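**Q** Please arrange chain B on chain X, whose structure you already have, making use of the hints.
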Amino acid sequence: MRLTFEWMEWTVPTAIFCGTIILTVLAMSVWQTLAPSLERRGFLPIPTTPGDRLFIGILSSVYIFFAWIGLTHFALWILLIIVLCWIFVVMIWG
Amino acid sequence: MEKWPNNKAWFLVLPAFVIVIFSAIIPLMTVINYSVQDIFGPGQAVFVGTEWFREMLGDYRLHDALWRQFLFSGLVLLIEMPLGILIALAMPKKGWGVPVCLVTIALPLLIPWNTIGTIWIIFTRPDIGLFGAGMNNLLGIPFDHTDNWLDAWITVMLMEVWHWTPLVALLGYAGLRAIPEVYYQAARIDGASAWATFLYIQLPKMRGVLTIAFLLRFMDSFLIYAEPFVLTGGGPGNSTTFLSIYLVKIALLQFDLGPGGAFSLIYFVIVLLFSFIFYQALQRVGKGEKV
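Line by line, the protein sequences give chains X and B. Positions in the first sequence are counted from 1; adding 215 to them yields our numbering. Positions in the second sequence are counted from 1; adding 1393 to them yields our numbering.
It is worth saying that the hints were derived from the structure and are not from the lab. Note that the coordinates shown come from a computational prediction; the quantities given were computed from them, not determined experimentally. C-beta: ideal position from N, C-alpha, C; glycine also. Warning: the hint list may mix true and false statements.
[Claimed, not checked] The following label-pair restraints were derived from C-beta to C-beta distances:
id	chain 1	residue 1	chain 2	residue 2	range
1	B	1482	X	275	37 to 47 Å
2	X	249	B	1674	44 to 54 Å
3	B	1521	X	228	52 to 62 Å
4	B	1608	X	238	30 to 40 Å
In isolation and in its complexed conformation, chain B is listed as follows:
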């Protein structure tokens, strides 16, 4: 590792650092303070020690929300990664189809998250929605995401896949376009099948961008709030109550700042651990790939 002779450029980071102090570090320290106290109002707080942590760690609703969250993120990755790669492979390589495809696929990424929730509420409504009414009246399959937990999950998953698969597809497409033509020529000379070309040329060459896509999709789906909140509000029952929805319920709706603070820290530490593990994996992929 080389040592730079002059490290003064680091002072250019100072303005960003000051902003981070106010936007992240002070709030984080406040959450730590809140998590050990029972707060009734400004200046009226009782120190309770680790009681909220004990309560939250033993809270079965938190456990349920956590497993739901892992299931959701797992399903998101299982569906979106292969689907995104397939779409990337199917996209045209040159001609007028390229811009048309790119813009069409990128459209869901441009819509605000709350709007996406609203769009899908209307789309899946059993009485007037195209999807909901179609399922109920044309196909005769009862479908109501406000009533049935499986329908709610299907709706949330459909929305999530529709919203975010384009990101995987676009990243995968960028990776595919970066592969030099000579690799394909060599594959053709060897008489390689399409599957072998995919397995031994395209997939390894896409590894870097796909790792980034994997990281982004995991983190975003783990922190998801706006879309399921607007679409199902966590229901029916608690069947789509993810961690963030439950946290907002405790901290802002019930105004239990202490338990909310403890919950936030638990959530934060889980996110931190996964970010760190994936970051390390990403670093290793970057080092392993010598192109």
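For reference, chain X alone in the conformation it holds in the complex:
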């Protein structure tokens, strides 16, 4: 039996998407190992670690994406900029 992954039907956009998330998580892991961070409180209602903030940022971005797709017909690259800014804001001040 030959192990192939053709059934996964990879496309370039989804590969970039998944790759970015995996690389971010890996980079965060390395960063946390080298310089462990503490929980702190930002504008979010709960105390969070950087990992929590990344999770919250990505999860809320998915909801922003759904709202964008479901309610509007604006171009997707505008959404990408908004979402990246949002994740950045959550990571720094959340």
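**A** Relative to the frame of chain X, chain B by itself:
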């Protein structure tokens, strides 16, 4: 927060992590891939971008299934939590009644989910079922869960309550048994009523286990598939078509992998959000309770 000097023990998680890669992460990435393509067969896929997401987010049947799902989970929690607490309070505290009660109450939890659906089909059949025939012939109330949407909901709710209230009862009972006797003695000295004892001693002390019960019941009822699928198949009409039943219909019966993938991701993200919120609530309860 203390920092551990040595974190090498984390490598012991690696085997579990490898299994998770194959059981969860690779399938999840595949679903992401499918959700942006129109797939006709192996190697025959057309990239469609966000079209399936647009279609699924605007699909009124998905909206209906979602509200139905929230209604179902809400009803489940509203009925099962108080009922489970009542049963826990009513259970004997010592003697031969304890094992008898525990085993009897735990029985529904041991039955496979498909079997439970089948049991309730037979139990509620209007012609031969004890419940269905009893309602129709003895009480004279027309009852047919294959024909009337209200009867179908009543049947599904009865089945769900019968199946899962024992879990709440058992957890609540464990919480009750963990309360030291001195609290009750103090309550008796103060002349507290049974209601005051419940409100100010038993309920606060059960908060931890009840939160876990709440989380488990919400998630399980939100992801429910086998029992209603076997019992009603989502009908009559679409009246008991919950999210998972509709998803399986799209992805496996109609074999629309693209819309199915988009639907799966929407479903997944909803579940993820609620899990996260409840997990945070659970953490806070754990921190607030200093016993």
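**Q** For each hint, tell me whether it holds in the structure or not.
**A** Quick rundown of the hints versus the structure:
1. B:1482 to X:275: 37 to 47 Å: holds (41 Å)
2. X:249 to B:1674: 44 to 54 Å: Given range 44 to 54 Å: violated, Cβ gap about 32 Å.
3. B:1521 to X:228: 52 to 62 Å: holds (56 Å)
4. B:1608 to X:238: 30 to 40 Å: Cβ of residue 1608 of chain B to Cβ of residue 238 of chain X: about 32 Å, so the range 30 to 40 Å holds.
Checked against the numbered hints given earlier, the structure breaks only hint 2 and satisfies all the rest.
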